[in-house]
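Peer 1: Listed below, chain by chain, are the residues.
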Amino acid sequence: MSDLYLIYKNMTRKPLRLFLTCFAIFIAFLIYGAVTTLKSALDAGIDLAADNRLVVVNKINFTQPLPIAYAQKVAAVEGVEHVTYANWFGGYYQEARNQIVAMAVEPESLLQVYEREIVLPLEQRAAWLGNRQGLIAGKNLAQRLGWKVGDRVPVSSNIFSHKEGGHTWDFVVEGIFTGSDPQHDTNSMYFHYKYFMETQSFGGDWIGWITLTTVDPAQNQRIADEIDNGFANSQAETDTSTEAAFSKAFIEQIGNIGLIIFGVVFMAFFTILILVGNTMALAVRERTGEIAVLKTLGFAAPRIFKMVLTESLLIALIGGLAGLGAAWLIVEGAKATMAQFLPNLVLDSGIALQALAFMLLLGLVTGLLPALNALRLNIVTAFNRG
Amino acid sequence: MSQDLLFQLNGVSKSFVKGKEEISIFSDLNLTIERGDFVAIMGPSGSGKTTLLNMLGGVDQPSGGEVSFDGARVDNLSESALTRWRAHNIGFIFQFYNLMPMLNAARNVELPLLLTKLSKAQRRKNVETALALVGLSDRAKHMPSEMSGGQQQRVAIARAIVSDPKLLLCDEPTGDLDRTTADEILEMLQLLNRDHGKTIVMVTHDPAAAKYANRTLHLDKGKFVQRELVA
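The listed protein sequences derive, respectively, from chains U and D.
For what it's worth, the UniProt record's numbering labels the leading residue of the first sequence as 1, then goes sequentially.
For what it's worth, the UniProt record's numbering labels the leading residue of the second sequence as 1, then goes sequentially.
Incorrect hints may have been included.
Said to hold, decoys possible - Counterexamples of contact, computed for chain D against chain U with all Cβ distances above 10 Å:
1) Asp4
2) Gln8
3) Ser80
4) Glu110
5) Gly135
6) Arg179
7) Glu184
Stated by the list, open to error - Think about it this way: if two alpha-carbon atoms lie no more than 25 Å apart in a straight line, the pair counts; the simulated PhoX-like pairs of lysine-lysine are:
8) D/Lys125 to U/Lys9
9) D/Lys125 to D/Lys141
10) U/Lys59 to U/Lys73
11) U/Lys139 to U/Lys335
12) D/Lys18 to D/Lys221
13) U/Lys9 to D/Lys120
14) U/Lys194 to U/Lys39
15) D/Lys141 to D/Lys117
16) D/Lys120 to D/Lys166
17) U/Lys306 to D/Lys120
18) D/Lys120 to D/Lys141
19) D/Lys211 to D/Lys166
20) U/Lys9 to D/Lys117
21) D/Lys125 to U/Lys306
22) D/Lys141 to U/Lys9
23) D/Lys117 to U/Lys14
24) U/Lys194 to U/Lys148
These are computed hints drawn from the structure, not numbers from a lab.
Values in this document were obtained by computation on a predicted structure and should not be read as measured data.
Glycine included, C-beta positions come from ideal geometry on N, C-alpha and C.
Using the sequences and the hints, build the whole thing.
Peer 2: Below you can see the structure in the form of structure tokens.
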């Protein structure tokens, strides 16, 4: 027998209470794990955004198009390094539910603007630039759909129609790209804007947005102002912002996620904290006589303090790790279906370590008061209490 | 000082403050207990019997005077030193047994040995010996709730003697038991005193129980009112 055995026996003496306490903690960390992962995935675009990259969209709304001629005018602004543009294709593969993040782009400038995010072997790069019908797919997307270099693949659009009828375009997979950072999104595909222009039945010379890099992030504001002022009072006024701000604004279309997450997690934690703290205090109070006996037998007060605190920490860890494990399973399950919307949906080690720190904090906070009561317990008073 | 002297109380007083009033439990109390003695302490409720027992066991500290054990002062020890002293020298037997309900008999008996540096095997051997001594070898795996009051008190006695303390302090050890079972327990204490040389101090209300002791001290209003040799 050891102190750990005593702790174990104390913990399990009322199995239903132990189960309910652990279950409450389980729920708290399930919420924490799942919701924090979601927030992290939503924020990934902001975190990974380059600080010298600006996005130009239609001032009315980013879903409204811009004339393609704007790209050249933007490139002429002093301090602009590279300019590229893209059009949202609304792509899917074979069935409408297999949605793909697919964009019609100007290939050469795309690879300049996103040189860190789109890394291609040289021969694949050359092949893609040389084949107007070619596409490049991210590693994750290619793995998900089973695409290999050289494959001929049909990709359909839920927005545009082919001038020869139907909604499907034929492409050749010319390259499979990765990112220079593992967090870079590789769940998308890009193809030639010119091929798209030649084959679509409507849409004209319009693009979705322009992305540019500046020679110096310090000039971002001036360049953005110059671009927007240049298109003021035109048929399509523009709104230029940094890529990070654009991503944030995009996310905020569905509400202030950060505030919602903070509210949910805080309320769950606060409720659990009160619940577990109350249960621990009750459990230790029930054992007043036994703690007095242990002290009488010669168990030192700090040793009993440690035992009570360890018990509380163990309960927090058992419930918390189980909850975090369940959150991981949910995230892994959701990953496949949500990959196109949230490519960075990963319960990573950072979130897990943060959750572990909260588990320890929960255990310490809820166990501290009962442990201190046990530490300070006077034997004579405890026996007199009955 | 006599080699046989185990405990000595010189001019010991104990009082506590309740509101603005200071209540004295006893004052200028003197007592000597020799090795191998079996002392019964009797007295009416509120006479200070349990307080005296707590003081002998280092659970409570005197307000004044000196308490010596084995030739060394213990009344001025710090709480942690007193805890260690208790673990090495004193075995406690309570009226309501005070066993840990979630541990079986053997585990309950093993508790004081967690405070020693004995190996697991040695601890197991000591537990078996203690349980055999109280006649409960076959009940080692039983939980307290599966045992009668007498059996639980025997487990408590095994717990008290397992670390071979010099002194056993018994607070109404038969107060919760019927006459026959009480006699069995008292015979066991007598055996531990007579055959194993354990020094025992027992607080009791029961004159029949006191007869098992070598001598009985009567405490009334904080003073020993008479001393008589019983056995």
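Peer 1: Compare the structure with each hint and give your call.
Peer 2: Now for the hints, and whether the structure bears them out:
{"no.": "1", "hint": "Asp4", "result": "holds, 25 Å"}
{"no.": "2", "hint": "Gln8", "result": "holds, 22 Å"}
{"no.": "3", "hint": "Ser80", "result": "violated, 6 Å"}
{"no.": "4", "hint": "Glu110", "result": "violated, 5 Å"}
{"no.": "5", "hint": "Gly135", "result": "holds, 22 Å"}
{"no.": "6", "hint": "Arg179", "result": "holds, 25 Å"}
{"no.": "7", "hint": "Glu184", "result": "holds, 23 Å"}
{"no.": "8", "hint": "D/Lys125 to U/Lys9", "result": "holds, 22 Å"}
{"no.": "9", "hint": "D/Lys125 to D/Lys141", "result": "holds, 15 Å"}
{"no.": "10", "hint": "U/Lys59 to U/Lys73", "result": "holds, 17 Å"}
{"no.": "11", "hint": "U/Lys139 to U/Lys335", "result": "holds, 15 Å"}
{"no.": "12", "hint": "D/Lys18 to D/Lys221", "result": "holds, 18 Å"}
{"no.": "13", "hint": "U/Lys9 to D/Lys120", "result": "holds, 19 Å"}
{"no.": "14", "hint": "U/Lys194 to U/Lys39", "result": "violated, 37 Å"}
{"no.": "15", "hint": "D/Lys141 to D/Lys117", "result": "holds, 24 Å"}
{"no.": "16", "hint": "D/Lys120 to D/Lys166", "result": "holds, 23 Å"}
{"no.": "17", "hint": "U/Lys306 to D/Lys120", "result": "holds, 22 Å"}
{"no.": "18", "hint": "D/Lys120 to D/Lys141", "result": "holds, 17 Å"}
{"no.": "19", "hint": "D/Lys211 to D/Lys166", "result": "holds, 22 Å"}
{"no.": "20", "hint": "U/Lys9 to D/Lys117", "result": "holds, 22 Å"}
{"no.": "21", "hint": "D/Lys125 to U/Lys306", "result": "violated, 28 Å"}
{"no.": "22", "hint": "D/Lys141 to U/Lys9", "result": "holds, 15 Å"}
{"no.": "23", "hint": "D/Lys117 to U/Lys14", "result": "violated, 31 Å"}
{"no.": "24", "hint": "U/Lys194 to U/Lys148", "result": "holds, 23 Å"}
In summary, the numbered hints that this structure violates are 3, 4, 14, 21, 23.
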